[in-house]
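Participant: Guided by the hints, dock chain B onto chain A, whose structure is given.
So the sequence lines, in the order shown, correspond to chains A and B.
Here the numbering used here runs 790 ahead of the position in the first sequence, where the first position is 1.
Here the numbering used here runs 3 ahead of the position in the second sequence, where the first position is 1.
Hints listed in this document are in silico derivations from the structure and should not be mistaken for laboratory results.
For clarity, every value in this text was computed on a predicted model and none was experimentally measured.
Don't take each hint at face value.
Subject to a maximum C-alpha distance of 16 Å in a straight line, what follows is the list of computed EDC-like cross-link-like pairs (lysine to aspartate or glutamate) [claimed, not checked]:
# : chain 1 : residue 1 : chain 2 : residue 2
1 : B       : Lys43     : A       : Asp845
2 : B       : Lys13     : A       : Asp940
3 : B       : Lys67     : A       : Glu860
4 : B       : Lys5      : B       : Glu51
Covered stretches of chain A (in silico footprint by chain B; criterion: 3 or more residues with CB under 8 Å from a CB of chain B, positions within the stretch not fixed) [said to hold, decoys possible]:
# : stretch
5 : 879-892
6 : 926-939
Built from N, CA and C at the ideal position, the CB exists for glycine as well.
One-letter residues, chain by chain:
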Amino acid sequence: MKAGIVVFPGINRERDIAIALERASGRKPRMIWHRETDLQSLDLIVIPGGFSYGDYLRCGAMAAQSPVMESIRAHAARGGHVLGVCNGFQILAEAQLLPGALLRNASLRFLSMDCHLRVERTDTDFTAHYQRGQVIRAPLAHGDGNYFADDATLDRLEGEGLVAFRYVEPDGAATAKANRNGSARNIAGILSPNRRIMGLMPHPEDLVDPLMGGTDGAPLFEGISAALGSDRPAA
Amino acid sequence: MKAVVTVMLKAGVLDPQGKAIGQALAHLGFAGVGEVRAGKVIELELAETDPVAAKNAAESMARKLLANTVIESFRVDLS
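Bound-form chain A, shown alone (with noise of 0.2 Å):
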């Protein structure tokens, strides 16, 4: 798996997600700095979390119209994947490539603790290496995680399935209380129609090894990694 993480200025969750891509893929990802436009080589784009050009505007605006998105697009329109995490997921829904929007957690504070986030679909390349139904923790980092769309949205992702991952109660039941941020439908993370863009809020991505408490986000970089062609020799 050719793997490339965005890095737009004010971004300061890569380093993050290049460990979480080069454990399970045993490559190192490549870095794209935000005015690179060739990407043609990639197989995997990652949108990682932080404060793009500073969350002028709204969150991810700026990002969603800096040189590299069109790219993105293009990569996206020839059926490449691409993962956006907390403000990559903002920054998708500004560009478009997923439905909705993140609006300020219902509480206005800045959410920083662990949830559980139930696994909706697994016949995706993303979340292949879950269970369905399986309740997984994940860290929370985010002051606009508040998932919007129109009842005509939510429903149309609910029926065609599309809601990847659901605030839950750690026994799975999705509660209001477990909705933190306020999302409709304690909606976390959604994908696109082909299945190959996956947005979400929560950081799977800092829970990939025993040193950080937990490898509960490591099936999701495994499972990309596995669909995609591993280069980790088999054990």
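Facilitator: For chain B alone, coordinates are given in the frame of chain A:
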């Protein structure tokens, strides 16, 4: 010519910032304040001198960048 673009969250989109401002006003003793909504104002100095063309240009900028029409509505005023 100056164009003033006012961007507001659409009706029906939760505005926790507006709510917090409303609560703070009540706390300060200002009675009789109903719903509070917070938005933003963006002023544009435009070289264009024709009002119709200037308004069209500002609306195009609002649709493309200044507002996210999934969640926000906008209004353009010229001055």
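Participant: Run every hint past the structure and note whether it holds.
Facilitator: Checked hints:
Straight-line distance between C-alpha atoms of lysine 43/B and aspartate 845/A comes to about 15 Å, which keeps the hinted pair within the 16 Å bound. Restraint check for lysine 13/B and aspartate 940/A: satisfied, since their Cα atoms lie roughly 11 Å apart, inside the 16 Å limit. A hinted pair counts as satisfied when its Cα atoms are at most 16 Å apart, and lysine 67/B with glutamate 860/A qualifies at roughly 15 Å. Distance hint between lysine 5/B and glutamate 51/B is fulfilled; the C-alpha atoms sit about 9 Å from each other, no more than 16 Å.
Here the stretch 879-892 of chain A counts 5 residues with a CB under 8 Å from a CB of chain B, which clears the bar of 3, and the coverage holds. Requiring three or more residues with a Cβ within less than 8 Å of a Cβ of chain B, the coverage given for the stretch 926-939 of chain A holds, as 3 such residues are present.
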